[in-house]
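A.B. asks: Keeping their order, the protein sequence lines are chains A, B, C and D. Heads up, the first sequence is in this note's numbering, so the first residue is 1 and it goes up one at a time. Heads up, the second sequence is in this note's numbering, so the first residue is 1 and it goes up one at a time. Heads up, the third sequence is in this note's numbering, so the first residue is 1 and it goes up one at a time. Heads up, the fourth sequence is in this note's numbering, so the first residue is 1 and it goes up one at a time.
These are calculated hints, taken from the structure and not from any lab test. Warning: the hint list may mix true and false statements.
Claimed, not checked - Pairs of lysine-lysine, DSSO-like flavour, derived with a Cα cap of 30 Å:
1) D:Lys570 with D:Lys458
2) D:Lys365 with D:Lys111
3) D:Lys166 with B:Lys459
4) D:Lys166 with B:Lys461
5) B:Lys304 with D:Lys596
6) D:Lys111 with D:Lys366
7) D:Lys214 with B:Lys427
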Amino acid sequence: MADLAFWMIVLLTLVSAAIVVLNRNLVYSAIALLFTFFGVAGLYVFLWADFLAGVQVIIYVGGILVLIIFGIMLTNRITSVNISHTSVQKSMGGLVVLGILSVLGIMIFNTPWLQTEFVEPVQTTATIGTLLMMDYLLPFEVASLLLLAALMGAAMLSRRNE
Amino acid sequence: MDTSILSWIIWIPVIGMGAIALIPREKVQAIKMVTAVATGIQFLATIGLWTRFDLSNGGFQYMERAEWIPSFNITYILGVDGLSLPMVILTGLLFFLGTFVSWNIDRAQKGYFALYLLLNTGVMGVFLSLDFFLFYVFWEVMLLPMYFLIGMWGGPQREYAAIKFFLYTLFGSVLMLIAILALYFTCGRTFDMLLLMQTAPTALDGVMFWGMSAIKVIWVMLFIGFAIKVPVFPFHTWLPLAHVEAPTAISVILAGILLKLGVYGILRINYTMLPVAVWWFAGALALLGLINVIWGAMCALAQKDLKKLVAYSSVNHMGYLLIGMAAVIAAGEANGNNLLAAQAGLGGAVFQMFNHGTISAMLFILVGVIYDRAHHRDIEGFGGLATSMPIYSGIVAVAFFAGLGLPGLSGFISEAMCFIGAFPVFKAIVIASTLGILLNAAYFLWAFQRMFMGELNDKYKNLPEINKMELFTVVPLLVITVFFGIYPRPFLDLISSTMNVIIDTVANMGGIAGVF
Amino acid sequence: MDSLNTYLFIAAILFSLGLFGVITRRNGVAVLMGIELILNAANLNFIAFAKFGGMNMSGHIFALFVIIMAAAEAAVALAIIINMYNNFKTINVDDVQELRQ
Amino acid sequence: MTGNMIMDYSLLILFLPLVAFLIQIFIGKRLPRQGDWVAIGAVVTTLILSIAMFTSMLIGHEPHFAQEASFTWLDMGAFHIELGFLVDNITITMLLVVALISTMTHIFSIKYLEGDIRYSRYYAYLGLFTFSMNGIVLANNLISMYMFWELVGVSSYLLIGHWFEKDSAADAAKKAFLVNRVGDIGFFIGIMLIFSTLGTFVFSEIFEGISAGKMGGSILTFAGVGLFLGAMGKSSQFPLHIWLPDAMEGPTPVSALMHAATMVAAGVYLCVRLFPLFTPDALLVIAYVGGFTALFAATIAITQNDIKKVLAYSTVSQLGYMILSVGTGAYIAGFFHLVTHAMFKACLFYGSGSVIHAMHHALHKKHDHEADPQDMRNMGGFKDKMPITYWAMLISTLAISGVPLFSGFLSKDAILAGTLSFASHHPGHFLLPVFGFGAAAITAFYMFRLIFMTFHGKPQMEELYDDIHESPKEMTFPLIVLSSLSIFIFYTLPYFNPFSDHGWFSELIVASDAAVPGNPSAHHIAEGIHHAHYTAMALSLFVAAVGIFLSWTFYFKKKLSADEWAGKLKPMYALSFNKYFFDENYNRFIYQPFLKLSALVAHIDWDLYDKYFINGFGRVGKIISFFTGRMDYDGLDQTIVDGIGRSARQAGGVLKFLQTGRLQTYMLFALLGVVVIVLIQSF
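Pulled out of the complex, with its shape left as it was, chain A reads as follows (with noise of 0.2 Å):
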């Protein structure tokens, strides 16, 4: 049962990761990925990342697809309806990216990579808290701060110059 759930999740969100990458249409990339979100949600529950889960749901979906699908509403003519738009070299990229694959693979499966027992977290909210707050406050803080000065680049940005 888990199996199964396991590959229907590997499923929808490869297969959603490729309609985002490879549809014609703008408006529909955007749905696509926000399965793949949902997908990659989906695999941080089997992998005991229950708050990460949480966060990807609310930052990618609630806040990054939006932010997506606002720029494709700025930057396009909502009343043409063709919000489509094509694709370049994709023969030579696409063999480039099979290489890169096919290099990952190889490495993955012939790495022997290091291995722990497997301990079942007793709450990882309240571990990553604790972290956050301790170990690595000063990231932390740099992370809000980054956060700030990218909210302010991003008004400076988008603002028109008259």
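Assemble the complex: chain A is given as a structure, and chains B, C and D must be docked to it using the hints.
C.D. replies: This is chains B, C and D only, laid out in the frame that chain A set:
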């Protein structure tokens, strides 16, 4: 002594340079003050070195050691001994005085003083570094500011002079680099000079390069690299040109310190790392010294340009020094263990280094003084200046007399020591080179007569007398010259322990020199 | 199913797809989507390593930071794209060919 | 006087003039009277101190008195030099002579140099000169002697060139220094030879070493000749005599100081000090050089018309005597002559200075700037106008001519006796006494010629005659003092026999034995001199009489015309008058060729070697880079590279689209690169 005073001495000018970089180019006075303060502090620090220097220790003192590039065994080693300390003090002094000589530089002062301080760091670094790689780096650091200082602030032919100087010395340093690398790879991959001094003689024993003994090949390559700086006879022609075209302060530094770097290199590296080859080369060294003496003197005799005359006099004076250096082999078995002659010769050579530093610096400053006033340096174009500028001509007279080796002034003692030391080994060469004493006097006195004696040239009736700033730059050198001329003992005490170490190193190789 | 290699390979495929999108898409927003895919692939790796490395929570923290980064990046990138659109009246990246020979 | 006091006094005598020099040079101009009183005070003090030392020497009456003190000057371990003083009877006597002549010069110069623009400078240099000479006198080792030796050279340079506005003075100063340097080279080589063999510079140690046989043979001869070469330069012996007559360009009191007590005396003093180390061969060289110089310079003096030139050549000739006596072993006689000569020669120079001073003022009054105030042909009959000068000069002339009752007779006689004795032992060297007696005759002749031309006969420039006056007290005082000291009594005390040189001098100043094994002992030489004493006396009296008589007939009675005889002996006259063309020949065969050679060397160095050889490297480099440039461009670039390029252009028509400006393409290729690298790596 666990201090980092040597590092401070080296890097103070760089701090000054940083400060200058922050000052706007219009604030010339501030730039000059910063230079003066930086060089002044450095000079005081070198004096401090002297006061706490252990005279009885012939080895290195104030050592500093730090990792730099461990993967290539490159370390940051500094140290000072009786050979380098006088040079360090001289460098500190001349750069300090040189700042005031440069006071009248009238364009691009910011760049000038920044480069000047960089040059200072380079020179100090060469004298103080005990790692071959560091040595080479400083050697090159010194080259570049010199190129710009001559090429941008020099006389009419400055670009030609600068490029010639640069190419000539670069040629030398390439040879030196090859030799350094050869030593590095044959002697256990280290640049540490102290280590090389111990390992090089044995590690190189029997090694051949292209069918020649590696020791000889490396020795000669290093020698040529240094000889260009000295300059030894066939490599000397960059010198008159560079000296003549350089601005006064840079001529002072060139003659006073840069020429000594060559000699210092030969003594520090050729003599202590490859002492065997000294035996093989000493005769040639003395002969080159003779040629330098006579050739330089004759060229000086024929000069019409005062600065060129002084420049050739450097060639001439360096000849005495080479002869003195060659005397070191007197201490060997083959020459009857004549330690006395070796000490006189080597001590004389090092003393001559210092004395030539002060005397030629003085001469160049004085040439600069008259050039600033008359805007030419043609000896024949003056006449009777002693009437219009009595103080100046008095000082010039003393400087000239110092240059011609008058007893009571320091130049005499070092020249005499060089001769006395070399005499037992190279009788014919020394006797021939005593002719230099005469020629020396001839060109200085003749120039003096043409410039200062005779009827006063009306054109120069109202030349202003030497001013306070110029006096300030000359008088310390004058005092040193007179003091060491009367009582040389403090100086010789300073160097003698180290000299004995070098003499021992070379003399001990006498036994195998025959086989070699 | 529940092995590290599986997750890694899934992540690799996801990465390759993202890369393909980045390389081939002409539309800036689409390129951005590709980048998001790549980032997701990376995150997947982190989490997978975290789980199979003895539930090391540092992996989660890293993933969290990547998500934060992604959010910031998406905001800035979209701002750029909108700016570009304002200037060039297109968001097709290959129409913006200032670098052309 | 205790030893310590002697040393203290010597130090004071040495350094007082130096202090005066320093004061004068730095603040002299700002002192009242330009500070001449500082200098005079200093030398007068040294004179008093010297007299004190001298009296103590006379009272103590120790012939072998000697006192040494030294300090370490430099020390490098094995190589160390001790500088020090040696005070013995010779030193004390010499110090007195130097102090006396120096004092007289200082006093004489007050009026002679009055109003000179560099009055304080002049006194400063006199102080330096005195200091340097005292240094030579006191030295107990070769190094400090050499140092002071050169300092003497410098001070002479400064003083001869005192009036440097005149080219001739500047030339003369330079010439003096350079000619001396030639000698100094020999001196220095001698020092090196000795030091490299014996390892010491101290006289006594050198002598010990030589007696012990550590040094000898030809090396010692060479060393001796080298050292003597230094003496030749300073004492202006043939062929290095050329600087001395020119040095007359200096102020006259300087000439007096230089020719009587300081500079030229230094050479003789050196020979006296170092006598024990000369080998027989070296001594022979010395004797011949000295003897020849004595005669040679005398022959030049005959024909000179410049009053100072006559005295200059006479000095050269007298120095030749002293050197000759060193060569024959009778060096104490030479030293004796040095002392007596100092008095009368200084007196003669002051006399001539006094005359020139008078002439100068007279000419000045007449606004005559053409006539030469030093030319004896413009003088004549000054006897009545300048009685003190006349009598002083006459006494000195009698002394120099070797007339009994005067000091010169005693010393000259001793020298001539020495040569006679030497010749009797070595009959092959009969020329030495011939030189000596010949020179004696000629000396008497030309000195009286000087007296007669200057002080007797009709005034040659009548218009001047009335304006000639005796010089002021400051100038006549030294004349009186020094001419009195030319009387025999001062040298023979406590005895009064004017025909015997037996006195305090011969008792207190005794010769030391030669250190070289095989040289005759001092006793032996003294014996020989004693033996030849009366023969020499008779002969010298005879030749002096002949000389004076001839001079009297030529220039006083005018029985024989000098001009006529000059015409008859034209070639010889011309040679003598032109000083045997030494200057001209040196100029033609040495200076000019050497200057030309130097110019050539400089030309080779700068215009050939540097321009073509060194810059040749640059030029060759340029040519090579031109060709490599050509090869690079025409060969490599145009054919091969461009060939590839051309062929690539067709294919590259496609490839150029690689540079699309599309970032994605670039990225694509970057990724391709990654794949390729990974693939390559994995193999």
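A.B. asks: Sort out which numbered hints this structure fails and list those numbers smallest first.
C.D. replies: none
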